[in-house]
Amino acid sequence: MSLFSIDRASGAISEVGEIPTPLAEIYGVCLFKPASGELYAFANGKDGRFLQYRLSAPNGRAQGELVRSFKVETQPEGCVADDQRQRLFLGEEDVGVWEVDARADKPATLSSVIKVGDVVHADVEGLALYQSDAHDYLVISSQGNDSYVVVDAEPPYTLRGAFRVGLNASAGIDGTSETDGIEVTSMNLGGPWSKGMLVVQDGRKRMPEQAQNFKFVPWAEVTKTLKLP
1 MSLFSIDRAS
11 GAISEVGEIP
21 TPLAEIYGVC
31 LFKPASGELY
41 AFANGKDGRF
51 LQYRLSAPNG
61 RAQGELVRSF
71 KVETQPEGCV
81 ADDQRQRLFL
91 GEEDVGVWEV
101 DARADKPATL
111 SSVIKVGDVV
121 HADVEGLALY
131 QSDAHDYLVI
141 SSQGNDSYVV
151 VDAEPPYTLR
161 GAFRVGLNAS
171 AGIDGTSETD
181 GIEVTSMNLG
191 GPWSKGMLVV
201 QDGRKRMPEQ
211 AQNFKFVPWA
221 EVTKTLKLP
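Under UniProt numbering, the final residue of the sequence shown carries the number 229; numbering is consecutive throughout.
What the hints contain is simulated information worked out from the structure, not anything from laboratory work. Some clues are possibly wrong.
Here are the simulated lysine to aspartate or glutamate pairs, EDC-like style, with alpha carbons at most 20 Å apart [stated by the list, open to error]:
#1 K115 x D105
#2 K46 x D94
#3 K227 x D180
#4 K71 x E15
#5 K71 x D101
#6 K224 x D94
#7 K33 x D123
#8 K195 x D133
#9 K71 x E93
#10 K46 x D152
#11 K195 x D101
#12 K195 x E221
#13 K46 x D82
#14 K46 x E73
#15 K227 x D94
#16 K46 x D133
#17 K33 x D82
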């Protein structure tokens with residue numbers, strides 16, 4: 001597992017260390033920072049294992065100590081941690097989304113958030129957490145039908161709806177498909193992103209035909225489309 005730092009001023013990326021893992025191929029990685037200030041990384045593999053590492057950098061080089069492991073029955077994918085409530089959301093590609101306590105000293109008891117079915121279509125891929133003073137939402141990449149599902153991030157995980165990112169012909173921007181990773185923020189980034197931004201990986205870029213890229217979606221458009229409170 002390779003770790004990188006980002007220079008806040010220049011945006012330059014630097015490699016700061018590698019942590020050896022027993023996973024043959026890492027499918028998902030996410031970070032968790034509880035109130036104690038420690039930093040953890042979750043990494044998962046094709047065999048269903050999740051490994052939780054406590055990160056440190058005593059000499060400027062990242063190190064990781066394995067502190068917990070658990071697994072799901074089939075292949076996992078994306079995950080996202082809720083630092084405020086100390087929990088982890090994780091996706092199991094053909095099954096659905098689960099929630100588990102993110103604290104290393106707690107049992108990893110899985111609770112279902114949403115199952116693959118009429119709304120979420122396998123594969124379950126990226127997960128992202130939109131958090132604001134008013135509402136928290138979990139966004140799910142439903143790769144099987146190229147859509148994005150929004151549910152409340154608190155039990156009973158009410159389904160708010162699903163949407164697709166379509167073609168913007170006037171701007172020459174194609175829609176999105178085959179999405180793996182997503183990310184979202186509620187921060188005011190100015191202009192159309194004053195209510196936040198959803199970043200979507202587009203696995204099949206068509207205008208023009210090129211390597212995959214990322215699309216920036218104003219969260220205000222998601223709110224409008226799904227009539228979110």
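Comparing the hints with the structure gives:
no.: 1; hint: K115 x D105; result: violated (27 Å)
no.: 2; hint: K46 x D94; result: holds (12 Å)
no.: 3; hint: K227 x D180; result: violated (25 Å)
no.: 4; hint: K71 x E15; result: violated (29 Å)
no.: 5; hint: K71 x D101; result: holds (13 Å)
no.: 6; hint: K224 x D94; result: violated (30 Å)
no.: 7; hint: K33 x D123; result: violated (28 Å)
no.: 8; hint: K195 x D133; result: holds (12 Å)
no.: 9; hint: K71 x E93; result: holds (13 Å)
no.: 10; hint: K46 x D152; result: violated (28 Å)
no.: 11; hint: K195 x D101; result: violated (29 Å)
no.: 12; hint: K195 x E221; result: holds (9 Å)
no.: 13; hint: K46 x D82; result: violated (23 Å)
no.: 14; hint: K46 x E73; result: holds (10 Å)
no.: 15; hint: K227 x D94; result: violated (28 Å)
no.: 16; hint: K46 x D133; result: violated (36 Å)
no.: 17; hint: K33 x D82; result: holds (9 Å)
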